[in-house]
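Asks: Listed here are the chains, written in short residue letters.
2 protein chains.
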Amino acid sequence: MINMQRVYFATGNPHKVEEAKLILRDYNVELMHLNTQRVEIQSSDLVEIAVYSLNQIVKDFKQPVFVEDTGLFINSLNGFPGPFSSYVFKTLGNKGIIKLMKGEADRNALFKTVIAFKESDRDQIKIFIGETLGLISEEIRGVGWGYDPLFIPLEGDGRTYAEMSLEEKNLLSHRFKALKSLGDYLRKV
Amino acid sequence: MINMQRVYFATGNPHKVEEAKLILRDYNVELMHLNTQRVEIQSSDLVEIAVYSLNQIVKDFKQPVFVEDTGLFINSLNGFPGPFSSYVFKTLGNKGIIKLMKGEADRNALFKTVIAFKESDRDQIKIFIGETLGLISEEIRGVGWGYDPLFIPLEGDGRTYAEMSLEEKNLLSHRFKALKSLGDYLRKV
Chain A
-19 MINMQRVYFA TGNPHKVEEA KLILRDYNVE LMHLNTQRVE IQSSDLVEIA
31 VYSLNQIVKD FKQPVFVEDT GLFINSLNGF PGPFSSYVFK TLGNKGIIKL
81 MKGEADRNAL FKTVIAFKES DRDQIKIFIG ETLGLISEEI RGVGWGYDPL
131 FIPLEGDGRT YAEMSLEEKN LLSHRFKALK SLGDYLRKV
Chain B
-19 MINMQRVYFA TGNPHKVEEA KLILRDYNVE LMHLNTQRVE IQSSDLVEIA
31 VYSLNQIVKD FKQPVFVEDT GLFINSLNGF PGPFSSYVFK TLGNKGIIKL
81 MKGEADRNAL FKTVIAFKES DRDQIKIFIG ETLGLISEEI RGVGWGYDPL
131 FIPLEGDGRT YAEMSLEEKN LLSHRFKALK SLGDYLRKV
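First to last, the protein sequences are chains A and B.
Oh and the first sequence: position 123 is 103 in our numbering, straight run, nothing missing.
Oh and the second sequence: position 23 is 3 in our numbering, straight run, nothing missing.
Worth flagging that the hints you see were computed from the coordinates, not collected in a lab.
Keep in mind the model is a prediction, meaning the values are calculated, not measured.
Among the clues, some could well be false.
Derived coverage of chain B by chain A (criterion: at least 3 residues anywhere in the stretch with Cβ under 8 Å from a Cβ of chain A; other residues may be distant) [as the list claims (entries may be wrong)]:
id, segment
1, 18 to 27
2, 46 to 59
3, 75 to 87
Computed list of lysine to any residue pairs in SDA-like fashion (alpha-carbon distance at most 20 Å, straight line) [unchecked claim]:
id, chain 1, residue 1, chain 2, residue 2
4, A, 70, B, 58
5, B, 70, A, 22
6, A, 82, B, 69
7, B, -4, B, 16
8, B, 70, A, 90
9, A, 70, B, 111
10, B, 160, B, 119
Using N, Cα and C, we set each Cβ at its ideal position, and we do this for glycine too.
Just chain A, with the same shape it has in the complex (with noise of 0.2 Å):
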């Protein structure tokens, strides 16, 4: 029989936890839904915001936890819209970043995500990162959820992720990347 290590996601979305714990278990990690209010800081820097709160959870939280935080960050747009990457997509959308980006000929950007993790026993924050490169395509392309639709990872074949099977996405995604060194850790733990 195998032990499985119980381990919170802190997150008020509810898909990002089924995403989350299809990868962890393949790690042994049974993933539980710690539902909770983030509080996130103003920051250029996605650690600085994910330790700020993950910091201000474990406060009345005892056991193993972590949170994450992603964002796009364009390089034309000196980072934009980096940790304010779903304010953004709220007010702008995608037809928005296509605007800003019309006639630039710089068309890389970074999708990064960020995961602190601390366990219940230790004072010390883990950090996870994974990142993608990608283009900002010029139109919107396939249908998904997010920046998707714009985003031509480089690793890719020069689709967008939104037209890629979740499957194949996954295998290029920053998201998957982060969650993967997470349970790496996890594992050797």
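Guided by the hints, dock chain B onto chain A, whose structure is given.
Replies: Using the frame of chain A, we list chain B on its own:
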């Protein structure tokens, strides 16, 4: 002899302190600079951001103190850049706003300042708000700080904030309105 009231302005920006000092002097307030790195959370609500920030500060600071948060809310961009005005200015700048607003018929916008104030001996936070309605200009006009070269206050004569003298701007300015409300309150205390 007039009794001056000592109040602290918690901000990392000394220019804002100088500006506020001049206004609040008329209300017999001696403004002091509490130079501190404020914690700004990600929220679409300026009041929530200011209150959180102030609550972090007053944990260690027992004098009368306030924080200020300002945002430009553009109608046709669903309130963007809103509470993230400073980050968006640093990354996209006025050039980016002009690009986003290209072809938009509705150019209405709101400049809003929220001040959260706490007195030494009371628990309650007082909120003071200053708002100015305006239009987003089609191009950069005048030389000024932040979004001033793009913002045409409705109460004005068609010039942007940046095309006005400081005295003219102050008569209409969102930040001045909020500081004056604070001044009125302090005079009555």
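Asks: Next, verify each hint and record whether it holds.
Replies: Do the hints match the structure? See the list:
no., hint, verdict
1, 18 to 27, "holds (count 5)"
2, 46 to 59, "holds (count 3)"
3, 75 to 87, "holds (count 4)"
4, A:70 / B:58, "8 Å, holds"
5, B:70 / A:22, "13 Å, holds"
6, A:82 / B:69, "19 Å, holds"
7, B:-4 / B:16, "13 Å, holds"
8, B:70 / A:90, "19 Å, holds"
9, A:70 / B:111, "24 Å, violated"
10, B:160 / B:119, "31 Å, violated"
Of the hints listed earlier, those the structure fails to meet are numbers 9 and 10, in rising order.
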